[in-house]
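Number of protein chains: 2
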Amino acid sequence: MLGLMQDWPLLCHKILDHAATQHGRREIVSRSVEGPITRTTYADAHLRARKVAMMLEREGYAPGDRIATLAWNTARHLEAWYGIMGMGGVYHTLNPRLFPEQIAWIMNHAEDKALFVDLTFMPLVEKIAPQVKSLKQVIVLTDGQHMPETALDNVVAYEDWIAQADGDYRWKTLDENAACGMCYTSGTTGDPKGVVYSHRSNVLHAMIAVQPDAMGLSSRDVILPVVPMFHANAWGLAQSAPMIGAKLVMPGGKMDGPSIYELLDTEKVTFTAAVPTVWLMLLQHLEETGKKLPHLKKVVIGGSACPRAMTRKFQDNYDVEVIHAWGMTEMSPLGSLGTIKPEYADLEGDARLDIQEKQGFAPFGVEMKVTDDDNVARPWDGKTFGRLKVRGPAVAKGYYGGAGTDQFDEEGWFDTGDVAHIDPNGYMQITDRAKDVIKSGGEWISTIDLENLAVGHPDVAEAAVIGIRHPKWDERPLLVVVPKKDREPAKDDILGYMEGKVAKWWMPNDVVFVDEIPHTATGKIQKTTLRDQFRDYTLPD
Amino acid sequence: MLGLMQDWPLLCHKILDHAATQHGRREIVSRSVEGPITRTTYADAHLRARKVAMMLEREGYAPGDRIATLAWNTARHLEAWYGIMGMGGVYHTLNPRLFPEQIAWIMNHAEDKALFVDLTFMPLVEKIAPQVKSLKQVIVLTDGQHMPETALDNVVAYEDWIAQADGDYRWKTLDENAACGMCYTSGTTGDPKGVVYSHRSNVLHAMIAVQPDAMGLSSRDVILPVVPMFHANAWGLAQSAPMIGAKLVMPGGKMDGPSIYELLDTEKVTFTAAVPTVWLMLLQHLEETGKKLPHLKKVVIGGSACPRAMTRKFQDNYDVEVIHAWGMTEMSPLGSLGTIKPEYADLEGDARLDIQEKQGFAPFGVEMKVTDDDNVARPWDGKTFGRLKVRGPAVAKGYYGGAGTDQFDEEGWFDTGDVAHIDPNGYMQITDRAKDVIKSGGEWISTIDLENLAVGHPDVAEAAVIGIRHPKWDERPLLVVVPKKDREPAKDDILGYMEGKVAKWWMPNDVVFVDEIPHTATGKIQKTTLRDQFRDYTLPD
Chain E
1 MLGLMQDWPL LCHKILDHAA TQHGRREIVS RSVEGPITRT TYADAHLRAR KVAMMLEREG
61 YAPGDRIATL AWNTARHLEA WYGIMGMGGV YHTLNPRLFP EQIAWIMNHA EDKALFVDLT
121 FMPLVEKIAP QVKSLKQVIV LTDGQHMPET ALDNVVAYED WIAQADGDYR WKTLDENAAC
181 GMCYTSGTTG DPKGVVYSHR SNVLHAMIAV QPDAMGLSSR DVILPVVPMF HANAWGLAQS
241 APMIGAKLVM PGGKMDGPSI YELLDTEKVT FTAAVPTVWL MLLQHLEETG KKLPHLKKVV
301 IGGSACPRAM TRKFQDNYDV EVIHAWGMTE MSPLGSLGTI KPEYADLEGD ARLDIQEKQG
361 FAPFGVEMKV TDDDNVARPW DGKTFGRLKV RGPAVAKGYY GGAGTDQFDE EGWFDTGDVA
421 HIDPNGYMQI TDRAKDVIKS GGEWISTIDL ENLAVGHPDV AEAAVIGIRH PKWDERPLLV
481 VVPKKDREPA KDDILGYMEG KVAKWWMPND VVFVDEIPHT ATGKIQKTTL RDQFRDYTLP
541 D
Chain R
542 MLGLMQDWPL LCHKILDHAA TQHGRREIVS RSVEGPITRT TYADAHLRAR KVAMMLEREG
602 YAPGDRIATL AWNTARHLEA WYGIMGMGGV YHTLNPRLFP EQIAWIMNHA EDKALFVDLT
662 FMPLVEKIAP QVKSLKQVIV LTDGQHMPET ALDNVVAYED WIAQADGDYR WKTLDENAAC
722 GMCYTSGTTG DPKGVVYSHR SNVLHAMIAV QPDAMGLSSR DVILPVVPMF HANAWGLAQS
782 APMIGAKLVM PGGKMDGPSI YELLDTEKVT FTAAVPTVWL MLLQHLEETG KKLPHLKKVV
842 IGGSACPRAM TRKFQDNYDV EVIHAWGMTE MSPLGSLGTI KPEYADLEGD ARLDIQEKQG
902 FAPFGVEMKV TDDDNVARPW DGKTFGRLKV RGPAVAKGYY GGAGTDQFDE EGWFDTGDVA
962 HIDPNGYMQI TDRAKDVIKS GGEWISTIDL ENLAVGHPDV AEAAVIGIRH PKWDERPLLV
1022 VVPKKDREPA KDDILGYMEG KVAKWWMPND VVFVDEIPHT ATGKIQKTTL RDQFRDYTLP
1082 D
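Going line by line, the protein sequences match chains E and R. In terms of the numbering used here, the first sequence is numbered consecutively and its last residue is 541. In terms of the numbering used here, the second sequence is numbered consecutively and its last residue is 1082.
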């Protein structure tokens, strides 16, 4: 027996319809790539997005076509997304921080047919475009006046282009499971893999995100998504902000401390979100200038673990609530958020920070478990860690073209590649990457915990832990240390410092000193390289 | 091209899974029908609901079977709902305030196979049960010790019954569009009509309800749903509270001022919801005793228009925020909520109350329009009223058995039967019922507005306005007045009072004085009877 409720498909462009109808005069403020701050509204965006959809159709693009964007967070980028989705297309965000060959590879893999691009990236596009066979057209997100000279064919200025349409367009009615967006993840090994969002998954993800215990967004909020639309869907803010009719402030290409501060202050931003690096720059600017954050209420920090000192500064010095979050491109991306359950509501000071150091708990719509290598669930005791697996309506079930099938099991669980523990109240903490964790006699040792401990030693500048083959225990930890300048710590000194602070069987079997530890482009320790470097190393007895 | 996101159907029992996993120790406090306050948790409810599901299967009930409930808001009623839904059944709430013959008619129409019933209603069930052919079993929501004597066959005590199952049950995996619940609406004319909720509609409705701009619910809330589960789905709180893991306080059968106050106070309730009548009783109790509401933050008031004086009292005297809401059984039921958009955020005093007197705005997931009789949309100017029509994933597309098809059009719009205007910021206000509105020369006159005006006259106790046939204007208003005791107002006196306060063409063509105006069981003016009474009345020239 079926219910008798309306067939009202969850389509992303209905979000913009809602914003225009119920919050039409709410502003979208952008730092434009050309320079000035621009002001439009949801009603404007609704009209301009329909012009984009009309023009895409007129140019011959069809539902299902992938339309790439290589752009900062601006009103135009947002309009382009909704225009693409509204005509049935699939927005495909490209990360300009990748190598040009990677971008070209990704575009060819997705068979992108058109590209919306910011002025900033025109030199990059001139390199890439000739390598992408499917690409028919480049739409530069500017007006005719600012158009650069280019040797590329089929290049148009966005403003001139959409001016040809009147916007009297009816969105395509689509299956809610139709693709609407695409984003590639680039791991440290292998080819990038394409995540394909559906209208349904994006709408549900936004509904999850706005809840009080997730981001807690309302029409009275002023939202600054510093996290780029090309980075994991801007954490859903391009959908969740219009869904609840919040004023949007788009930072364009400027993420430095003074630029972000200027927007936070002049636009009276109440809510913002970005990776720790951005906040380091802001906090430094605030400390240098003595400025305060009187309007800002909440900051969501994710992408990598939020340092305890950062949470403390925001909360104690600036009265801004920190929400530590975790997610993945494959999860649309929100997986968990560190809002405070009643069990922890009375905690203060360090006890509260202990909880906020965790990555938070999963909202309704995200199922979570930690398992051993045989997929047996491990207890939620806040210390037993295992492979973190997730399931939900906004979690990928595969990658474009069928890559990476081993990450999904027949019950729908996606193996995140992270290792974590979950406490009795559901708060999850990432302890390692699965490929880095050390397996010693069937038990797991967190390399991140050991590294965090070792850098507490006064003579240690940086530390990395890797597993070394061991005849009896399979693997045992080796601690690699970069000493601080002009310091020469001894092995036993460092091991002595660590002793008693971790379980005895976690203690590294040896310590080696090096001048430098290899890093990835985004500043993470490159453990693959480090493991290669120590491939022939033999642990002492 | 389809997205590559997981097929994770929106099923109601996943809400209880989530509550048990993430908020397992959060309490469900109930005023039991037997008397004492009982305490369970979401983990308990999860286990007990699975026992219900196991027992229903064991007794031979199958997915799609309608299982009725005739019960107050208690933990047991909640468990029963989830147990029924989790085995694929359809909970069917019966309103004990209807006449026994109506309840029997409804049960026969729905072909209910089993009935969960509170002790309170056993005398009623003894009358009804023999008339319901499909009914196989009655499960009394109590334990063996409290079981009453009964002549009915196949009656079991809930606690003894579920004790036979261990709860080791895997919920049925269902199509998210499967029916999960049923509720009949009983209009003033015609047979009751069955609304059939789906798992999808209930889950989406709960996701809409918890948003900051709707009910704004978090795990730190303590929620008292005074609005009964048998009345329009308890406004979704049986789903939205466990979805976000809030402590639930269930009032059982006692809705009087002192009983509600006791729960608000001892359980530190932060959020509650009910019709104005309940709040009148509570406010009276508070005024008599001088008690305060230090824990309560928000109260949602709907079901009928919330009087301005009530909003003022809650806000000014008790510092409790009032959210005026509107909805219908056919809408799961939320349609609009009067939270404050930034456009109105700075209003204070009467200006704020003017906005709060409206029924609020539609959240994402509810589309709304007002039209004339030819289905042409009317402007959102805060004064032009029209037939209120709605659309959305939690709005009915028909009634059980195919009744009432004229209320739905081919574009999916449901005609609510209400007449309303919507202001430029989206705030809707109900001005009349469509069947009561007076159509004079193609223009509409609100009978409610005229009535509210007339009762302002010092000699008027009650007033009702109905349309009377008119040769030129089709219909013209007749004002029916019950004078205050020992007063004898004159026609011209009353019309003179009204003059200048409404448009000239709205002025009643005549005034008649009566001793009494007919009312429905719930206290509303029975305009059908009144119209019958004045069928042969002729207006003066």
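Bear in mind the hints are in silico, worked out from the structure with no lab data behind them. Given the structure is predicted, the values throughout are model-derived calculations rather than measurements. A hint or two may mislead.
Calculated lysine to any residue pairs in the SDA-like style (CA-CA distance at most 25 angstroms, straight line) [claimed, not checked]:
1. E:K268 <-> R:D558
2. E:K397 <-> R:E884
3. R:K713 <-> E:G412
4. R:K713 <-> E:K297
5. E:K397 <-> E:G382
6. E:K297 <-> E:A351
7. E:K383 <-> R:D558
Away from chain E, derived, C-beta distances all over 12 angstroms, residues of chain R [stated by the list, open to error]:
8. Q547
9. D684
10. E700
11. P835
12. R849
13. K938
14. A975
15. N993
16. L1036
By construction, the Cβ of each residue, glycine as well, lies at the ideal position given by its N, Cα and C atoms.
Hints, verified against the model:
1. Distance hint between K268 of chain E and D558 of chain R is unfulfilled; the C-alpha atoms sit about 40 angstroms from each other, more than 25 angstroms.
2. This hinted pair does not check out: K397 of chain E and E884 of chain R have alpha carbons roughly 42 angstroms apart, beyond 25 angstroms.
3. Between K713 of chain R and G412 of chain E the alpha-carbon distance is near 16 angstroms, which keeps this suggested pair within the 25 angstroms criterion.
4. Among the hinted pairs, K713 of chain R with K297 of chain E is inconsistent with the structure: their alpha-carbon atoms are about 43 angstroms apart, more than 25 angstroms.
5. Among the hinted pairs, K397 of chain E with G382 of chain E is inconsistent with the structure: their alpha-carbon atoms are about 28 angstroms apart, more than 25 angstroms.
6. Distance check on the hinted pair: K297 of chain E and A351 of chain E sit about 21 angstroms apart at the alpha-carbon level, within 25 angstroms; holds.
7. The suggested pairing of K383 of chain E with D558 of chain R holds, with an alpha-carbon distance near 23 angstroms, which does not exceed 25 angstroms.
8. For Q547 of chain R, the requirement that its beta carbon stay farther than 12 angstroms from each beta carbon of chain E is not met, with the minimum near 5 angstroms.
9. Distance check for D684 of chain R against chain E: the nearest CB is about 30 angstroms away, which clears 12 angstroms, and the non-interface claim stands.
10. Here E700 of chain R stays apart from chain E, with its beta-carbon at least about 29 angstroms from theirs, past the 12 angstroms limit.
11. Non-interface call for P835 of chain R relative to chain E: holds, since the shortest CB-CB distance, roughly 17 angstroms, exceeds 12 angstroms.
12. At roughly 23 angstroms from the closest C-beta of chain E, the C-beta of R849 of chain R stays outside 12 angstroms, upholding its exclusion from the interface.
13. At the 12 angstroms boundary, the C-beta of K938 of chain R falls inside the reach of chain E, the nearest C-beta of that chain being 5 angstroms off.
14. Against chain E, the non-interface label of A975 of chain R holds: every CB pair exceeds 12 angstroms, the least being about 20 angstroms.
15. The beta carbon of N993 of chain R sits about 28 angstroms from the closest Cβ of chain E, which is more than 12 angstroms, so the claim that it is off the interface holds.
16. With 12 angstroms as the threshold on Cβ separation, the claim that L1036 of chain R sits away from chain E holds: the shortest Cβ distance comes to roughly 40 angstroms.
Consistency with the previously given hints fails for numbers 1, 2, 4, 5, 8 and 13, ordered from lowest to highest.
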